[in-house]
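The listed protein sequences derive, respectively, from chains G and A.
So the first sequence is residues -7 to 160, counted in the working numbering.
So the second sequence is residues 1433 to 2099, counted in the working numbering.
The hints are simulated quantities; they were obtained by calculation from the structure and are not laboratory data.
Mixed in with the good hints there might be a few duds.
Unchecked claim - Chain A side only, calculated, beta carbon under 10 Å to chain G, not exhaustive:
1) 1588
2) 1658
3) 1659
4) 1661
5) 1665
6) 1743
7) 1744
8) 1902
9) 1906
10) 2051
11) 2063
12) 2064
13) 2066
14) 2068
Stated by the list, open to error - To give a feel for the contact side, a few chain A residues facing chain G, derived at Cβ under 8 Å:
15) 2002
16) 2003
17) 2018
18) 2061
19) 2067
20) 2069
From the three backbone atoms N, C-alpha and C, an ideal C-beta is built for every residue, glycine too.
Okay, here's what each chain looks like letter by letter:
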Amino acid sequence: MSQSFSDVNATTQYLTVNLAQEEYGIDILAVREIRGWTPVTRIPQAPHYVLGVLNLRGAIVPVLDLRLRFGLSREDYNATTVTVVVTVAGRLFGIVVDAVSDVLDVENSHLRPVPDMGTAVDTEYLKGLTSIGERMVLLLDADKLLQPQDAQILDTALNAVGDVKAVA
Amino acid sequence: MSTVSLAQFHQVFFEESLEGLDAMEAALLALDQGDGDAELIHRIFRAAHSIKGGAATFGFPEMAAFTHEAESLLDELRDGRRAIDGPIIELLLRTVDCLRGMFDRAQAGQPLADSESENLRQQLAAAVGRTIVATAGQTITGPLATNGWIIQFRPHLGMLAGGNDPLRLLRELAELGTLSVEAQLDRVPTLAVLDPAECHLGWRIELAGTVTRDAITSVFEWVEGECDLSIEPVSVVASPIEQGSAVGTLDKGIDAAPAPIMQNIAPKNAAAGSNDAGSVRVGIDKIDSLIDLVGELVITQAMLDQFREDFDPTRLALLQQGLAQLARHTRTLQESVMGIRMLPIGSVFNRFPRLVRDLSQKLGKQVKLEMVGENTELDKTVLEKIGDPLVHLVRNAIDHGLETPEKRRAAGKQESGTLRLEAFHRGGSIVVEIVDDGAGLNREAIVAKAVQKGLIPTGENLSNDAVNELIFQPGFSTAATTTDLSGRGVGMDVVRRNVVDLGGNVAITSHPGRGTTFTITLPLTLAIIDGLSAAVGNECYIVPLVSIVESVQLRADAVRSVIGGGELFRFRDAYLPIVRLHEQFGCVGARQHIEDGLVIVVEADTGRVGLFIDELIGQQQAVVKSLEANYRRVEGISGATVLADGSVALIIDVAGLVRMQSRRRAA
């Protein structure tokens, strides 16, 4: 009883990042650090959205571009491009986004399910959305962004997303 | 509580005891070989004695009782009252096995004794001319004793402060015979005034069994003067009493009952065993050299530190000298630290004398085991994983490779076959060879089986290598009947996979009638490699130095194109395929013409290829980092490393590339 009561009122902090005029939230507990863009070392046979690996104090960390992940294109990588390093299930990886904007407190009760919408993002990678005033923030499910074992399945899934977009 | 403090020592006790068992086994096998050294028996006795003492102290009464019987037998052997013969050695070897089983069960928190250990205990006792009547429930029951003892044991308040644990005393008593214990709680004060550091309990102990008064007083030797003790004989016939009833009595009073200790400790210990992070025993000389090196490093650092205060350009030479020293020390330190992980392969080889002895007896074959290079050191991780593949190969060699004495005689060979295990360094690798002088691989049987299984078409003419390769196929076995040793067809493929997982490989050479050699090549260490950095386009890859044969610059006309898009070039007496690294890895901006770049001839056990790259940048040491830790396995890449400028370079997996190449050719 008390458990569910506290759950309803609990808030989770999200780091919001900008990507193609939309705002996404990443659970702040998963965020390890935010760093400026540094060139990465390309890995052969990687999915197109995995840019390569970088050296994070001795750990070899793969970096994926969220734009490419969601089927968008990226013009260039410059000084304002930001890499957010997150850790999910003990694995570290970097997510390249356009910019980092804010830290949001979201009450868990304000979390809304994602409607099936015509966004560029497959709703599978979202765990919900919330609105702050006029702003709508899509909350990312970081676990689902990079699953190396399932990379191929994800590739097919992404292609399918591309097809859906083409149809729409 | 005392059980808690004891449980933390269990892991150490297990480790030491298992080492003791290994020593016992080795000594027994040496005795079996006819080595009559009296020191061997002493060694066995000492090991058994330590295990018995430890088991009693750490709350494993069944183990103590079991070892006690073995010790009695060993005592007779040691005093020369009994000759050492085959059956006794066999019995003692089984005792060692049984104790290993007990330790396994103790670590898993299961009851220690089982029917086998009980049976063996009877045999041990019978060997020294005694009999034990055993009952279920692990109660140690003596024959109905006419002269048991009643012991009144009442520790003084301060006895615990002296480090004496009454529970240990009770356990020691339990070794002597059947114990019935009643706690006397009459002096226990109310909780409000109770000092937990004082002992308020007393015990009335009935000890059944033929025990001398001396044996009892020796148990209480250490608490003399710290307790009130009376020991009186009973004249009545003591009936065996289940320990459970004593537990009941005690449980009423306080939860420190002696009898349930084994039940209490076991689960705790299981928890300790599951999060066992593993440990390494390091020679004191290695530690000493590390300390020396760190000392040197501190001195160098102090010397360089002077330059921070005032740097005078005239002292530049001194600074350079200091930096050179620093580089040297760092390198030596690095080597020494890596050396800590290196353990002699002998620790894996040690299990084979026993295995070979048991197997050869079972199969009626005569096998002489030779072991060479036991001191060759290997990385601990590699060492732990190489044991099972080696056991498998040794079993195979004895079961399939070596013939029975009759067959050997008929073939004009010595009746006893030779199995040689040899470990040595070759280049940057460790090579382990398993050599037998048996019949060799049966080519016809292998081919017939492969045809039957549909692996190869009928009538195909295969090279010897291709035939040998067949036995690494999953599910492949030529054994006509499945024995409990081998022939189930699980094995060689697993052996190869285990070795390949370690970055090594397995090769076979076989000569009909003369025997088979399995050669396992393993990397010396997994952590640091010497490599050449190669530029391809604007990228940099590390090629492990050990796999490089030569690098050559080819003229365009030295390359022959073959149908299907492959390229070959002549290297010494062979034509090797060219792997264009930029094509394989999809690099952009790389040189396209063969005469503009370099071809590095690399070698894996599966063959040689020429890697086409732009140019070589230089030689460097690479600390191997895993790509899989945060990403996944990439074919043709064995890992990554961090370059001096902080960027990442990928390390080429030569064996993987050769495999990719041959697959491409096959496709």
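For each hint, the structure was consulted:
1. 1588: Result: violated, 51 Å to nearest chain G Cβ.
2. 1658: 53 Å, violated
3. 1659: Since the shortest Cβ distance to chain G is 53 Å, the answer is violated.
4. 1661: 57 Å, violated
5. 1665: The hint is violated - residue 1665 of chain A has no Cβ within 10 Å of chain G, the shortest such distance being about 65 Å.
6. 1743: 30 Å, violated
7. 1744: Since the shortest Cβ distance to chain G is 35 Å, the answer is violated.
8. 1902: 30 Å, violated
9. 1906: This hint is violated: residue 1906 of chain A lies away from chain G, its Cβ roughly 22 Å from the closest one there, beyond 10 Å.
10. 2051: Since the shortest Cβ distance to chain G is 20 Å, the answer is violated.
11. 2063: At 4 Å from the nearest chain G Cβ, residue 2063 of chain A passes the 10 Å test, so the hint holds.
12. 2064: Cβ of residue 2064 of chain A sits 3 Å from chain G, so the hint holds.
13. 2066: 6 Å, holds
14. 2068: Holds, about 7 Å.
15. 2002: Because about 29 Å separates residue 2002 of chain A from the closest Cβ in chain G, which is outside the 8 Å limit, the hint is violated.
16. 2003: Hint violated; residue 2003 of chain A Cβ to chain G Cβ min 25 Å, cut 8 Å.
17. 2018: 6 Å, holds
18. 2061: 7 Å, holds
19. 2067: Holds, because the Cβ-Cβ distance from residue 2067 of chain A to chain G comes to roughly 6 Å (cut-off 8 Å).
20. 2069: 7 Å, holds
Consistency note: the structure conflicts with the earlier hints numbered 1, 2, 3, 4, 5, 6, 7, 8, 9, 10, 15, 16.
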